[in-house]
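Work the whole structure out from these sequences, hints included.
One line per chain: the protein sequences are A and B, in this order. Take the first sequence: its position 253, counted from the start at 1, is 252 in numbering that gives the first Met the number 0, and no numbers get skipped. Take the second sequence: its position 181, counted from the start at 1, is 180 in numbering that gives the first Met the number 0, and no numbers get skipped.
No lab work stands behind these hints, which were simulated from the structure alone. Each hint should be verified, as a subset may be incorrect.
[To be verified] Subject to a maximum C-alpha distance of 25 angstroms in a straight line, what follows is the list of computed BS3-like cross-link-like pairs (lysine-lysine):
| no. | chain 1 | residue 1 | chain 2 | residue 2 |
| --- | --- | --- | --- | --- |
| 1 | A | Lys10 | A | Lys283 |
| 2 | A | Lys425 | B | Lys30 |
| 3 | B | Lys183 | A | Lys10 |
| 4 | A | Lys323 | A | Lys283 |
| 5 | A | Lys329 | B | Lys16 |
| 6 | B | Lys16 | A | Lys323 |
| 7 | A | Lys10 | A | Lys252 |
| 8 | B | Lys183 | A | Lys52 |
| 9 | A | Lys329 | A | Lys425 |
[Claimed, not checked] The calculated label-pair distances, taken between Cβ atoms and stated as ranges, are:
| no. | chain 1 | residue 1 | chain 2 | residue 2 | range |
| --- | --- | --- | --- | --- | --- |
| 10 | B | Asp174 | A | Gly280 | 31 to 39 angstroms |
| 11 | A | Pro428 | B | Gly182 | 52 to 60 angstroms |
| 12 | A | Thr259 | B | Ala178 | 22 to 30 angstroms |
Positions of the beta carbon are idealized from the N, C-alpha and C atoms, including for glycine.
The residues making up each chain are set out below.
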Amino acid sequence: MVSRPLTLYEKVWNAHVVERRDDGTCLIYIDRHLVHEVTSPQAFEGLRAAGRKVRRPDLTLAVPDHNLPTTARVDAAGRELPIADPESATQLAALRQNVAEFGVPYIDALAAEQGIVHVVGPEQGFTLPGTTVVCGDSHTSAHGALGALAFGIGTSEVEHVLATQTLLLSQSRTMEVRVDGTLGFGVSPKDVILAIIGRIGASGGSGHVIEYTGDVIRAMSLEGRLTVANMSIEGGARAGMIAPDDTTFAYLKGRPMAPTGADWERAVAWWRSLATDSGAGYDKRVVLAASDIAPGLTWGTSPEDVVAITGVVPSPDSFADPSKQAAAQKSLDYMGLAPGMRMEDVAIQHVFIGSCTNSRIEDLRAAAAVANGRSVADGVRAMVVPGSGLVKRQAEEEGLDRIFTAAGFEWREPGCSMCLAMNPDKVPPGERCASTSNRNFVGRQGPGARTHLVSPAMAAAAAVRGRLADVRELMG
Amino acid sequence: MDAVTHVSGRAYPWGQKNVDTDVIIPAHWLKTITRAGLGRGAFETVRAVPGNVFDDPAYAGSPILIAGDNFGCGSSREHAAWALGDLGIAAVIAPSFSDIFSGNAFKNGIVTVVLPQEAVDRLLEVARTDPITIDLENMTVTTPFQDRFEFALDPFRRQCLMQGLDEIGLTLERDTAIAHYEGKIDAGRPWVNLRAA
Ligand code: SF4
Numbered sequence: 000m001v002s003r004p005l006t007l008y009e010k011v012w013n014a015h016v017v018e019r020r021d022d023g024t025c026l027i028y029i030d031r032h033l034v035h036e037v038t039s040p041q042a043f044e045g046l047r048a049a050g051r052k053v054r055r056p057d058l059t060l061a062v063p064d065h066n067l068p069t070t071a072r073v074d075a076a077g078r079e080l081p082i083a084d085p086e087s088a089t090q091l092a093a094l095r096q097n098v099a100e101f102g103v104p105y106i107d108a109l110a111a112e113q114g115i116v117h118v119v120g121p122e123q124g125f126t127l128p129g130t131t132v133v134c135g136d137s138h139t140s141a142h143g144a145l146g147a148l149a150f151g152i153g154t155s156e157v158e159h160v161l162a163t164q165t166l167l168l169s170q171s172r173t174m175e176v177r178v179d180g181t182l183g184f185g186v187s188p189k190d191v192i193l194a195i196i197g198r199i200g201a202s203g204g205s206g207h208v209i210e211y212t213g214d215v216i217r218a219m220s221l222e223g224r225l226t227v228a229n230m231s232i233e234g235g236a237r238a239g240m241i242a243p244d245d246t247t248f249a250y251l252k253g254r255p256m257a258p259t260g261a262d263w264e265r266a267v268a269w270w271r272s273l274a275t276d277s278g279a280g281y282d283k284r285v286v287l288a289a290s291d292i293a294p295g296l297t298w299g300t301s302p303e304d305v306v307a308i309t310g311v312v313p314s315p316d317s318f319a320d321p322s323k324q325a326a327a328q329k330s331l332d333y334m335g336l337a338p339g340m341r342m343e344d345v346a347i348q349h350v351f352i353g354s355c356t357n358s359r360i361e362d363l364r365a366a367a368a369v370a371n372g373r374s375v376a377d378g379v380r381a382m383v384v385p386g387s388g389l390v391k392r393q394a395e396e397e398g399l400d401r402i403f404t405a406a407g408f409e410w411r412e413p414g415c416s417m418c419l420a421m422n423p424d425k426v427p428p429g430e431r432c433a434s435t436s437n438r439n440f441v442g443r444q445g446p447g448a449r450t451h452l453v454s455p456a457m458a459a460a461a462a463v464r465g466r467l468a469d470v471r472e473l474m475g
Numbered sequence: 000m001d002a003v004t005h006v007s008g009r010a011y012p013w014g015q016k017n018v019d020t021d022v023i024i025p026a027h028w029l030k031t032i033t034r035a036g037l038g039r040g041a042f043e044t045v046r047a048v049p050g051n052v053f054d055d056p057a058y059a060g061s062p063i064l065i066a067g068d069n070f071g072c073g074s075s076r077e078h079a080a081w082a083l084g085d086l087g088i089a090a091v092i093a094p095s096f097s098d099i100f101s102g103n104a105f106k107n108g109i110v111t112v113v114l115p116q117e118a119v120d121r122l123l124e125v126a127r128t129d130p131i132t133i134d135l136e137n138m139t140v141t142t143p144f145q146d147r148f149e150f151a152l153d154p155f156r157r158q159c160l161m162q163g164l165d166e167i168g169l170t171l172e173r174d175t176a177i178a179h180y181e182g183k184i185d186a187g188r189p190w191v192n193l194r195a196a
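Below you can see the structure in the form of structure tokens.
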């Protein structure tokens, strides 16, 4: 009997079906559950009220990130410094107490391994190919870079997973996004995913799980793939996946929580079998040519508002859809931009290099290469926030911190930082930021803040020029 | 969760369209650590305006909210459902809801009733003076004036609401199947386990 050819997503889905119900929904087993302080307190509260326990603490990993200030966490004597915002302090304390009470493995704010959940998971080898990964956070899609089926969930679902290690789900449709060719000079993985979202739109992936394929994805480092998969949710997709290959295995081997010995060999053999079968069909297909992708950025308040750095602010009239015309006008008003302005003429006051999209070592290297020997422009505040304590340590071993600080960048402690206005790092009202994060929504980086999403190298270029800049002019 | 077979009482005759989750519960309330107490933040910006429906003594403590099209759009924050529940709202009637909001409401025992705009308009009128009854048994909304509107509800959700079943409780009843699946992991994908050896 020849079985129907399957996609990567279908294989991982099928491998996790505990039970199929009559209406087609499935009880799906969850292999990995990441927990942070913002979306978990009410879930633990629910367990406590019902007298329930965590079914599989060993498959759960908690780490604080969203609320943590990115300033020093201990004083000169090594004593923990208090957190000024009382609500942040309460959420962080609640996580510490909940993980202790329920026996959940925990990386504390003061541990070297602490970082943004989506940086920590792959870095620790907690995220593995072919696993189901959930977290009460929409950018969980990042973990799909390793060939995991990874998606964000709400707090009731967090509680459901804690109690049962399963979720009741309906299968998504599949969508292939193929990027053919070779990337041009100065074009990074961030530019690739911005181009993809610009093409499919912010709801283009709605109801689908994307699989990224093609030469560009195959040639991309695992860290670059994490950047791409991270923003799947900004294209409206439930999740984004990349078939595991030698790049994936080389990245994972030797990580603290990755399998070892005979388990490793067995795992790799199974992981290889997950690649989409030739002849498998997708519900939707999109193809991009690498040669069409330039260093890009966003001009508006939706991640689909993408333009090349050499381009101009579009006119609302240029959109066919009347509702998009109105949305574009609103975006331009909020962003303080006028149609026809050259993107390279737009002055910025803030630069943020960090977030689960772009805070890994390769991101910091790319930014440091541009910052090296240059200075942050007058009137610009630029900060670099490593994604984890381990990224920070490695960057310091490579001397990247000294390149940044010599150029006038701030070098800070790991956390979500200026990606969202939940901790002290915020962009003031009306001011403009070149940011390596993933959301340019109204108020995302602070009330009235104006965000342009860019790659790490483009962010560094903007910092030294004091305006949005074409990184290619500062390279090589 | 408490079983809900009907929701009866006065209703806030609001009728507002496109109420997003920021209106239901502003973002700064997301830093809380409990589900309880969010009622204080519910509709904060609406309630800042004198004469608003939520602070009108005629409707104080109403278990029903009548709203316009696309109720609960915007973010996926479950805090929106918690805030309504904490305010004492057990059911919302509107011509349409955002999917994520209805899901979150259901998970918290709040009934979302979809009715055509004309029916909603009629209920808005009745609600100014009289109570309304939502009956999950017969799937109807009725008034003291012989109005009777039928609505539809997903059978699984209806069963959960009427029997007070919470999804977690239901899944926990599948323990044998889950344990069986875990046995398959032990045999086939043992590296998934992180139990201390
Ligand atoms: S860095 Fe930003 S997007 Fe990533 S988890 Fe933190 S807040 Fe969410």
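Hints and how they fare:
The hinted pair formed by lysine 10 (chain A) and lysine 283 (chain A) meets the criterion: a straight-line CA distance of about 18 angstroms does not exceed 25 angstroms. At roughly 16 angstroms between alpha-carbon atoms, lysine 425 (chain A) and lysine 30 (chain B) fall within 25 angstroms of each other, so this suggested pair holds. Between the alpha carbons of lysine 183 (chain B) and lysine 10 (chain A) the distance comes to roughly 16 angstroms, so the proposed pair stays at or under 25 angstroms and holds. Simply put, lysine 323 (chain A) and lysine 283 (chain A) have alpha-carbon atoms about 23 angstroms apart, close enough for the 25 angstroms limit, and the pair holds.
Between the alpha carbons of lysine 329 (chain A) and lysine 16 (chain B) the distance comes to roughly 20 angstroms, so the proposed pair stays at or under 25 angstroms and holds. For a cut-off of 25 angstroms, the pair hint linking lysine 16 (chain B) to lysine 323 (chain A) stands: about 20 angstroms separates their Cα positions. Of the pairs offered as hints, the one joining lysine 10 (chain A) and lysine 252 (chain A) holds, with about 23 angstroms between alpha carbons and a cut-off of 25 angstroms not exceeded. Proximity of lysine 183 (chain B) to lysine 52 (chain A) is assessed by CA-CA distance (about 23 angstroms); at most 25 angstroms being required, the pair is judged to hold.
The straight-line distance between the Cα atoms of lysine 329 (chain A) and lysine 425 (chain A) is roughly 22 angstroms, inside the 25 angstroms bound, and the hint therefore holds. About 37 angstroms separates the C-beta atoms of aspartate 174 (chain B) and glycine 280 (chain A), a value consistent with the hinted range of 31 to 39 angstroms. Checked against the hint of 52 to 60 angstroms, the C-beta distance between proline 428 (chain A) and glycine 182 (chain B) comes to roughly 57 angstroms, which is consistent with it. At about 27 angstroms, the beta-carbon gap between threonine 259 (chain A) and alanine 178 (chain B) stays in the expected band of 22 to 30 angstroms.
Consistency note: the structure conflicts with none of the earlier hints.
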